[in-house]
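Could you build the full structure based on these sequences and the hints that come with them?
This is what each chain is made of:
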Amino acid sequence: MADPTLSVDKLKVDFGQGDDAVHAVRGISFTLDPHQVLGIVGESGSGKSVTALAAMGLLPKSAVASGSITYAGKELLGLREKELATIRGVGIAMIFQDPMTSLNPVYTVGWQIAEAIQAHQEVTKSEAMAKAVVLLETVGIPNAADRVGNYPHEFSGGMRQRVVIAIAMANNPSVILADEPTTALDVTVQAQVLSSLKTALEETGASLLLITHDLGVIAGLADRVLVMYAGRPVEIGTVEQIFYEPAMPYTHGLLGSLPRLDSDGNERLRQIPGSPPSMVGDRQGCPFAIRCPLRADICDREEPELRAVVGPVDPVGADSSADGPGAPADPGPAGADATAPVHLAACHFADQVVRLPVASMFPDTSADHEDVRE
Amino acid sequence: MTASGQGRPESRAPDETVAGATADPPADEAPLLVVDELVKHYAKRGKTLRRDAGIVHAVCGITFSIGRGETLGLVGESGCGKTTTGRAVLQLVAPTSGSVRFQGRELTGLGSHSLREVRRDIQVVFQDPFASLDPRMPVGESIAEPLHIHGQWERGTGRRRVADALTLVGLEPAHANRFPNEFSGGQRQRVGIARALILEPKLLVLDEPVSALDVSIQAGVVNLLEELQERLGIAYLFIAHDLSVVRHISDRVAVMYLGRIVEIGTRADVYERPEHPYTQALLSAVPVPDPRKERSRTHIVLEGDVPSPEAPPSGCRFRTRCWKAKDVCALEVPELIDRGGGHPVACHFPERTAVV
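Residue numbers (this note's numbering), protein chains in the order written: chain A, 1174 to 1547; chain B, 14 to 369.
Hint data in this document are derived by calculation from the structure and do not stem from the laboratory. Check each hint, because a few of them may be wrong.
As the list claims (entries may be wrong) - If we take Cβ atoms under 10 angstroms as the criterion, some of the chain A residues that face chain B in the derived model are:
| id | residue |
| --- | --- |
| 1 | G1218 |
| 2 | T1311 |
| 3 | I1391 |
Glycine is no exception: its CB is placed at the ideal position from the N, C-alpha and C atoms.
Structure, rendered in structure tokens:
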């Protein structure tokens, strides 16, 4: 079996200390296998971006991280800047939401791509520049040979993000982390950027950790999906399991609350009552309990651990296999997941929830059930 | 405090029964709002004393109407002019030319006194509920402000009306004493809606009302807007970039590109039978949250970027990115007319293609 390229184990990230501490990430474990696309979804404040920052060693100094993040067997947490620099770009590359956070406004894009190449490869400046042009062509920038001499402000938002993707590809990384890479973009621009991202994955063979709140983007790209809520993963499974056999009420609620482009719109949306919990201080029980229609005594007492879901036997269609990667785009070894339980959910009633029709659990009212904040 | 169960969504007229062959709402009565050949150009402010730094063609001759109790969705990407259109309807910006008629009354050129009268019937909800609520004012006072402005505040009934408005949007009357920072984003948007509704308007202009909200919160506000419309019969001009939300909430939909409407029709016309290549590209680019469906769809990926509205292309504005463009597209502006497909489309080579 291939070594996992990126592995996160029991990662916790706190900001501050004592009673006021914000528990941004409260224990997340996953492995990103070669050539795999793992999607992390969750709403604002669920801890998905902090997880990515931790993996890149980019947490602010005020953050206290524990647990383990390994890349190719090497522990990344607590690594010094100098050592991290040998991994960033060439081992793990990152794409952020706002391309201007990664591009330097005073250098041409060609210069910046060439710099990334020369940081890890023994090539001359002109060779690096030539490669920069090729990379820009690969990500779909028209007239790449002319555009290398342009500055970031001379590009549109979508083009800038494609330049960032070109930089991420420059050293053939084995892992790309993308944190909301298309969130600020218009939908036709998003389509361009996603197409560039797919090209980058094909060209480099990298695996992708894709963090987004957009379930549509996940549906199109991910092999496996991790759903985060209140700083913890509440469900992990193949993209088919998450979308067609969700086993955690929160996942049900998310899917039911989406207006669908592919539906005539005559059905009311399902609404998850309430709002996500505060991440300050400690709490008992399942963090979703107060919003959950299945809430029982045990939910208030015990926070459920992630455990394997005993799912229904293929209720969706004959073409879905319960343990296959499910995605035709996945060129990876089919047996990569075979040893691990594939579908995990953190719910005391997961085995019942997985049998419910998707999104049927929540009411289709407009009522406001949120508690007014203190 | 649940405000549900008033009317099922099925009670809405099916799309097919709506007169589909025009850009107009059902013709059984005069439309509430008629926008005709609306144009808004902005003079670009140049450096130092140069005046003629260029003109931004934000909205270039758009025509549409909204019937009573109807929702018209206005979609398009950043810079297409949809927000400017909303503001011109509200007369928050003065149109360069064209006409905006509300209940038969021309709004362009009205003085501030007459406008105030009209604004009782046309209210607005903005995207960012934080920016539109005064942080130092209890929300009850914010909601009551329109009553004061329009001289409708009465000691006996004022508070009751505020309490009723809060109840209407699913909040507690007791929330009137709280400040905006005590509410979540979804609740603040409900407060914004309560304030817009207190004068019992006939038309609500909603500019990206749910785009700042997380999906689970967004669903509640969308459901609320639908229920309010069923109960109160208000018309909505729903401006948004999210095509899924617009399909969900709209009766009819207008698609804008670079200041012009390129296609307009019933929800089913635009989403199931789009004819304009831009509409098709736009719809095909929206990812559907269904892995099997999403992976088997064809995505039209457009080349290049939207041209600058300072120097829009001649003829059809979409031609620079269109895979069907021919010579005629550069020479002639395609009119927004029914070209045999059952609804108006501004394209010389329309072709019905399902892309969703």
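ask   = Hint numbers the structure violates, sorted upward?
value = When the structure is compared with the hints, only number 2 turns out to be violated.
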